[in-house]
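> Letter by letter, the chains look like this.
Number of protein chains: 2
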Amino acid sequence: MTPSDREPRPGRAASTRRQFLLGGAVVGAGAAAAIGIDYALNGGREDAAATASAQAPLNGTVTVPFHGVHQAGIDTDAQAHGLFVALDLHDDVDRDGLRRMMSILTDDARRLTQGEAALADSEPELAVAPARLTVTFGFGPGFVERAGGARPAWLQPLPAFSIDRLAGTHDGGDLLLQIAADDALTVSHAARMLLKDARGFASVRWTQSGFRRAHGSVAPGTTMRNLFGQVDGTANATPGTAEFDRVVWSSDGWLAGGTSMVVRRIAMDLEGWDKLDRSGREQSVGRTLANGAPLTGADEHDEPDFEATTPIGFPVIPEFSHMRRSRSDDEGERIFRRSFNYDESPAAGEISDSGLVFVSFQADVDRQFVPIQRRLDELDLLNQWTTPIGSAVFAIPPGCAEGGYIGETLLA
Amino acid sequence: MTPSDREPRPGRAASTRRQFLLGGAVVGAGAAAAIGIDYALNGGREDAAATASAQAPLNGTVTVPFHGVHQAGIDTDAQAHGLFVALDLHDDVDRDGLRRMMSILTDDARRLTQGEAALADSEPELAVAPARLTVTFGFGPGFVERAGGARPAWLQPLPAFSIDRLAGTHDGGDLLLQIAADDALTVSHAARMLLKDARGFASVRWTQSGFRRAHGSVAPGTTMRNLFGQVDGTANATPGTAEFDRVVWSSDGWLAGGTSMVVRRIAMDLEGWDKLDRSGREQSVGRTLANGAPLTGADEHDEPDFEATTPIGFPVIPEFSHMRRSRSDDEGERIFRRSFNYDESPAAGEISDSGLVFVSFQADVDRQFVPIQRRLDELDLLNQWTTPIGSAVFAIPPGCAEGGYIGETLLA
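Protein chains in written order, with full-length UniProt numbering: chain A, 1 to 412; chain B, 1 to 412.
Bear in mind the hints are in silico, worked out from the structure with no lab data behind them. Check each hint, because a few of them may be wrong.
[Stated by the list, open to error] Which residues of chain A face chain B? A few of them, derived with a C-beta cut under 8 Å, are:
1) Arg192
2) Gly200
3) Val204
C-beta atoms are modelled at their ideal positions from N, C-alpha and C, and glycine is treated no differently.
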């Protein structure tokens, strides 16, 4: 099963109404709508009875296949809600224990993502609306060590960056669950089921909850905006392309078909940002706020022209801008971002506590992520308003076939 | 403008596909779908050109009218996300200050709910997807006192109930904002805009964030389920009916056209609940878990038969069940519930911190809410797994016409 088998999606330049309505899901609430409208547009040339019998499934019933070469939740169009849970293994869990745990959690994930209750699900009625639920498992250094497996060199805490102010509350972990769906109730129920079955083996170290636009809020394929109002994630490879495969998937030992996940909690200083004028904001990023186009272009996906200068000779896209600093001429320095916004209850005297659950996937953290982050650490105007306060790295094992379990290439 | 002008919705027994697809919104992503499908069903009798020209707006573009006799967010079909923010007025804010504040906040709410940026909106691009955003204002005792207005007798902390374990973190407040939409990013942006404009007058006392099923997850009109898996809110009056008007709207002085809101944070002991078998759970509520039908009925909306007994003479719906205890023969003792689930990061050693942001609207708290709660306080098996940990009461002033502001009947 290839990524494109898992979840066909129209290209960014989806040009027909039907594609627009179908959006990123295999089947969805828009499907019958599109059929109906196509029918109307075609002046009744289709068979009316056949059209009428087509069901219009709700988005809640849409599922993402669980089994495959890769785990779901990476090349899947990002859902509206993402919950990240890191766990610490209990001291007495050995390799056999890890295998038992991953078999159980795989079974839970397989059922829940397909809209079925987990075994011994005490709230089975909450499992009926998967809403594109995916569960993605990641292993921290401690997990791989406990398994006695070969630890990828990059599977360790990131180097300390000068901009980091890690609070000690959202760092590291042995096991990571990324639980994402278009419905917050679905995420909540799946998390509880998984954690009930995990707690004999591990305890919760931290959780982070994030969101993007709801399903049906904006047109499918729209790049997300973060809470600064910026279009965030434009220069991302498109799942299903050779570039995506090259950036994301590892071919390394037990991790072949897997990848790595960097998850960093980045606090955003909305107060400071609000004091900056529109031009200053656009300069700091290198893109327009209106549509995310590079300052040298008109459309979001236009290639930036870093050579272009203003009449008085300054670069149109400043050297210190986030886009310029994060861009590398080295084709190997690419990552795939899949972040979520966060917004928590504000501290006393404040009105918000917001930021980004930054998430990136890449085959090799040291080769792909670290060089970019080093450049941003040295110079990036955006650093003035963003502060990494949590950081973790996980190995994301490959997917599994029916009857298998996630982690089997490490544990079997 | 009447409630039904504000947001026409089909009755619970919506019987046509068109109603089903249209759901609770005036126009939505389903509207053109329904038109297309009706067209197909009708074998092309409608004008194809007219049908084809109908746009299929995304749910993000759907707006709920702001102006009206009543505030929105009460008779509005509950959105997927609800944020409740209570504020304390600064000491130096007098009646003129309250008027200024409510004029500004009304203007913000009016614009944001219609998908427009607020004045001086620093992230105007985040305002484009209102997704049925509503902003509902409530006044606590301190607000009414500061305004020099007549305080309704019920506008005070609820009587202490024996089951309460108020933590002191989510009680009271002078001003309440209920900010709700089908998109979490919309809620986040609206909250920040409103709080930026409020902070010259008041500071945040507490916030509570809750969720229900996403738009498009389940069929419109489906009663919500809470995190116990229970169908929650069946015996609610239907907006637009005489019963709803009688239960909810006040006709009392400056509050005429307004109502009251009780908001209580109710922790749910999922650990204890999970130990109870299915029959025990159904007995504790008096309804089936499968579809919320009373234990004497087959369908959710069947009238319960409290006289029915088992072969050995016990009531089928136990005397101690939540449904039996909350039900009153007194027609005056009715409330309208509009609650949200909450699920926060768990405390150390736990796997969840979940519950209900219980919200009810009623014309008179003392006459309608308190007697029900007293009965539940005396005896309700569900108390064993639910604990009120926060409690607040607000007067919800009426809506306003164009050019007016919320609170003008108290402040003008």
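> Now look at each hint and say whether the structure bears it out.
Taking the hints in turn, this is what the structure says about them:
no.: 1; hint: Arg192; result: holds (5 Å)
no.: 2; hint: Gly200; result: violated (11 Å)
no.: 3; hint: Val204; result: holds (6 Å)
Hint violations for this structure: number 2 only, all remaining hints satisfied.
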